[in-house]
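Protein chains in written order, with the working numbering: chain Z, 1 to 420; chain H, 421 to 840.
Incorrect hints may have been included.
[Stated by the list, open to error] Computed, partial: chain Z to chain H, Cβ under 8 Å:
| no. | residue |
| --- | --- |
| 1 | E152 |
| 2 | I173 |
| 3 | G252 |
| 4 | I254 |
Keep in mind the hints are simulated off the structure, nothing from the lab.
For each residue, glycine too, the CB sits at the ideal point set by N, CA and C.
Protein chains: 2
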Amino acid sequence: MKNRKTPHFSSKQGHNIAPFNLELSEARAVASIRKLGPISRTDIADITGYSRSKITSVVNQLTRAGILEEIGDGESNGGRRPRVLNFKPDFGYIVGVDMGATSLDIALANFNGQIIERQSMVIDVRDGPDMVLGLIRNLVLEKLAVRAIPAEKVLAFGIGVPGPVEFSTGLLIAPPIMPGWEAYPIRAFIKESFPCAVVIVDNDVNMMALGELHAGAGINQDHFIFVKVGTGIGCGIVCKGEIHRGSNGCAGDIGHVCADQKGPICHCGNIGCLEAIAAGPPIAARAMEAARKNQSAILAKYMEMQGNKLTALDVGRAASQGDPVANEIIRDSGRIIGEVLAGLVNFFNPSLILIGGGVSNIGHQFLASIRRGVLHRSLPLSTRHLRIDTSPMGADAGIIGAITLAMEHVFVAVNNGEPS
Amino acid sequence: MKNRKTPHFSSKQGHNIAPFNLELSEARAVASIRKLGPISRTDIADITGYSRSKITSVVNQLTRAGILEEIGDGESNGGRRPRVLNFKPDFGYIVGVDMGATSLDIALANFNGQIIERQSMVIDVRDGPDMVLGLIRNLVLEKLAVRAIPAEKVLAFGIGVPGPVEFSTGLLIAPPIMPGWEAYPIRAFIKESFPCAVVIVDNDVNMMALGELHAGAGINQDHFIFVKVGTGIGCGIVCKGEIHRGSNGCAGDIGHVCADQKGPICHCGNIGCLEAIAAGPPIAARAMEAARKNQSAILAKYMEMQGNKLTALDVGRAASQGDPVANEIIRDSGRIIGEVLAGLVNFFNPSLILIGGGVSNIGHQFLASIRRGVLHRSLPLSTRHLRIDTSPMGADAGIIGAITLAMEHVFVAVNNGEPS
Numbered sequence: 001m002k003n004r005k006t007p008h009f010s011s012k013q014g015h016n017i018a019p020f021n022l023e024l025s026e027a028r029a030v031a032s033i034r035k036l037g038p039i040s041r042t043d044i045a046d047i048t049g050y051s052r053s054k055i056t057s058v059v060n061q062l063t064r065a066g067i068l069e070e071i072g073d074g075e076s077n078g079g080r081r082p083r084v085l086n087f088k089p090d091f092g093y094i095v096g097v098d099m100g101a102t103s104l105d106i107a108l109a110n111f112n113g114q115i116i117e118r119q120s121m122v123i124d125v126r127d128g129p130d131m132v133l134g135l136i137r138n139l140v141l142e143k144l145a146v147r148a149i150p151a152e153k154v155l156a157f158g159i160g161v162p163g164p165v166e167f168s169t170g171l172l173i174a175p176p177i178m179p180g181w182e183a184y185p186i187r188a189f190i191k192e193s194f195p196c197a198v199v200i201v202d203n204d205v206n207m208m209a210l211g212e213l214h215a216g217a218g219i220n221q222d223h224f225i226f227v228k229v230g231t232g233i234g235c236g237i238v239c240k241g242e243i244h245r246g247s248n249g250c251a252g253d254i255g256h257v258c259a260d261q262k263g264p265i266c267h268c269g270n271i272g273c274l275e276a277i278a279a280g281p282p283i284a285a286r287a288m289e290a291a292r293k294n295q296s297a298i299l300a301k302y303m304e305m306q307g308n309k310l311t312a313l314d315v316g317r318a319a320s321q322g323d324p325v326a327n328e329i330i331r332d333s334g335r336i337i338g339e340v341l342a343g344l345v346n347f348f349n350p351s352l353i354l355i356g357g358g359v360s361n362i363g364h365q366f367l368a369s370i371r372r373g374v375l376h377r378s379l380p381l382s383t384r385h386l387r388i389d390t391s392p393m394g395a396d397a398g399i400i401g402a403i404t405l406a407m408e409h410v411f412v413a414v415n416n417g418e419p420s
Numbered sequence: 421m422k423n424r425k426t427p428h429f430s431s432k433q434g435h436n437i438a439p440f441n442l443e444l445s446e447a448r449a450v451a452s453i454r455k456l457g458p459i460s461r462t463d464i465a466d467i468t469g470y471s472r473s474k475i476t477s478v479v480n481q482l483t484r485a486g487i488l489e490e491i492g493d494g495e496s497n498g499g500r501r502p503r504v505l506n507f508k509p510d511f512g513y514i515v516g517v518d519m520g521a522t523s524l525d526i527a528l529a530n531f532n533g534q535i536i537e538r539q540s541m542v543i544d545v546r547d548g549p550d551m552v553l554g555l556i557r558n559l560v561l562e563k564l565a566v567r568a569i570p571a572e573k574v575l576a577f578g579i580g581v582p583g584p585v586e587f588s589t590g591l592l593i594a595p596p597i598m599p600g601w602e603a604y605p606i607r608a609f610i611k612e613s614f615p616c617a618v619v620i621v622d623n624d625v626n627m628m629a630l631g632e633l634h635a636g637a638g639i640n641q642d643h644f645i646f647v648k649v650g651t652g653i654g655c656g657i658v659c660k661g662e663i664h665r666g667s668n669g670c671a672g673d674i675g676h677v678c679a680d681q682k683g684p685i686c687h688c689g690n691i692g693c694l695e696a697i698a699a700g701p702p703i704a705a706r707a708m709e710a711a712r713k714n715q716s717a718i719l720a721k722y723m724e725m726q727g728n729k730l731t732a733l734d735v736g737r738a739a740s741q742g743d744p745v746a747n748e749i750i751r752d753s754g755r756i757i758g759e760v761l762a763g764l765v766n767f768f769n770p771s772l773i774l775i776g777g778g779v780s781n782i783g784h785q786f787l788a789s790i791r792r793g794v795l796h797r798s799l800p801l802s803t804r805h806l807r808i809d810t811s812p813m814g815a816d817a818g819i820i821g822a823i824t825l826a827m828e829h830v831f832v833a834v835n836n837g838e839p840s
């Protein structure tokens, strides 16, 4: 047995500051409960490969530190019923934030991952980081005050943002729809009010993919893609049960894949980018053109009602009323997205593609056309077991993903020594 | 301490049949030496997270079984110099095979992974599995006989084949250039003559990517793509330091990604597939057309010399002599490959793309055009640290990959219980 220092999470003076160092054996025990929920010491030993006696000592240590607790008896295999372990709910709290261009979702979860407070509201991300992050801070502090939880009990803060994030630093890199956010120190801002929290910032689509992986259609799916279709188009990639961020942390940025060599010029300067043809704004633009040319009475009526403007959702409403022009616009968009996804299916061979984001609810023609586009251009072997569906979690995916990701960073295995 | 059965690799009667079961702790010790080369017990304990005493017992067990041996003293940190452990070279032997459409490379390696015999020859894979596999068997048996190694000492056999493989079964699925090989029981054929070997069959490009990962430009690259350009176009994907095979084992099949919606019809039935435009045969076809139209004297001369035929390598030779038509054909092919790779770069965000296969040596314009194509259509963040190069290992990549992959399957951790 080697001597071990008392880990600093068992300190009694002042508050504990995440992330906490764990020995590799402790980290493996924690990860097994995080993954499988409440389990017995024997289960932990089986999963981690450590001896029963080693796990008993690891669990004792984690229980003494207030991280784990026994929560009752599990299933018996004939003998005495084993005691089942879980996280102690009030060891600390986790905040999950899903920030959209025009929406904000916030949730507060206990250390078991159960959401105990939740709120949604309309915002404008272009108001800039001081205003938006200030709002988030105030909302969380209010919720904590109501429950008499000190801010120092928040151990992790996960924030999904609608722009490209350099994951290692938590900084936004040239976000196209977030003026003023480039390289803004989001982590430092949050840590000012929540000094004990580890703060994790990631792209919103990665958070959504994580949410589906942890609690939605992605459970037990090793390789899947979550595609968000909204103002832009991006995807979160799950590979071997983990988010794949790539070598610079910007994997999944499929909005600027070439979908048509003869297509329109994109705001990025290239020709025929996927999101310049098939995302919400081009769908709306095509519908407004049709309305102006009197090709669709329904679209023209909506446009008049809404001050000479249409959104992609208006096109969906028109399609649901049987408007052929609206249906054609939606079918074209879905087909083009599907054809680009076909190339990614051949390359990555996922078992599941989930379609989410605001435009994903534009009507059943949209999903059907994506499916046809994928099947048309993918290889038979790669689509043999491929499922393509709309995201079942909807708006919850991002927030649950943010909580899940933040939780994973509360503890650090000292053998890996990964700084956060 | 829990009781453990004597593992069957320590049996003294008869021969040992791979794969061998190892406890998780043993498997982790073996993997750490496989990854880092000869290291001390202290290093193994640090890497695996087990106590020094646990590792001492694990190493004793593996040494008694003849798997490991002490090979001398390592670096001292002030005290006694630690004994360094490595695999015992004659514990068993590994065969690596790289099968191409028209070429065969075979190597025999000892248990340390050192190649002790190697042979290359011209074959025709269309002669069918009985003939080609029979040849492989005879060649290996000859090499073993010369060294007085019994066939039962071959513990693993890795075979790379030029077609889509269902990795879990080792069967070829609808291989376009391998008539007669569909679902042929390659493993059973090999096991008849090498009854103690675990037999691993994989796509040749995956093997090449593995070879580069283990011993070439891919060392320490977490995320990279090996693109083989030959008769067809395919790629091997390394994700988090491991081959990514996808949910059906067919990831990397990029030859049929749409490169031009107005392009030629591919043998797969779709329009504008990458390999129908940019692989070896369309390069040769375009050159032959130019020769017939008298657009290039050099190409016309080569064509006459070679019985009215040209290959992609002839186009490379003409280009190296300054023929503008040949150079244009090569540039177009590279550009189109680069533009398709750009989409994959945006999606996967690799740090490295290696170009291999017969056509990769067609001239420096080819690589330059691929690079331009990628940079033209990729996002700045995803190409910030991206390197694009021709494979430095050349023909060795496939064979070293086959040996590496086969070795990884000699032992199975019983906690994972993965059948092979």
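Taking the hints in turn, this is what the structure says about them:
no.: 1; hint: E152; result: 31 Å, violated
no.: 2; hint: I173; result: 6 Å, holds
no.: 3; hint: G252; result: 7 Å, holds
no.: 4; hint: I254; result: 5 Å, holds
When held up to the earlier numbered hints, the structure conflicts with hint 1 and nothing else.
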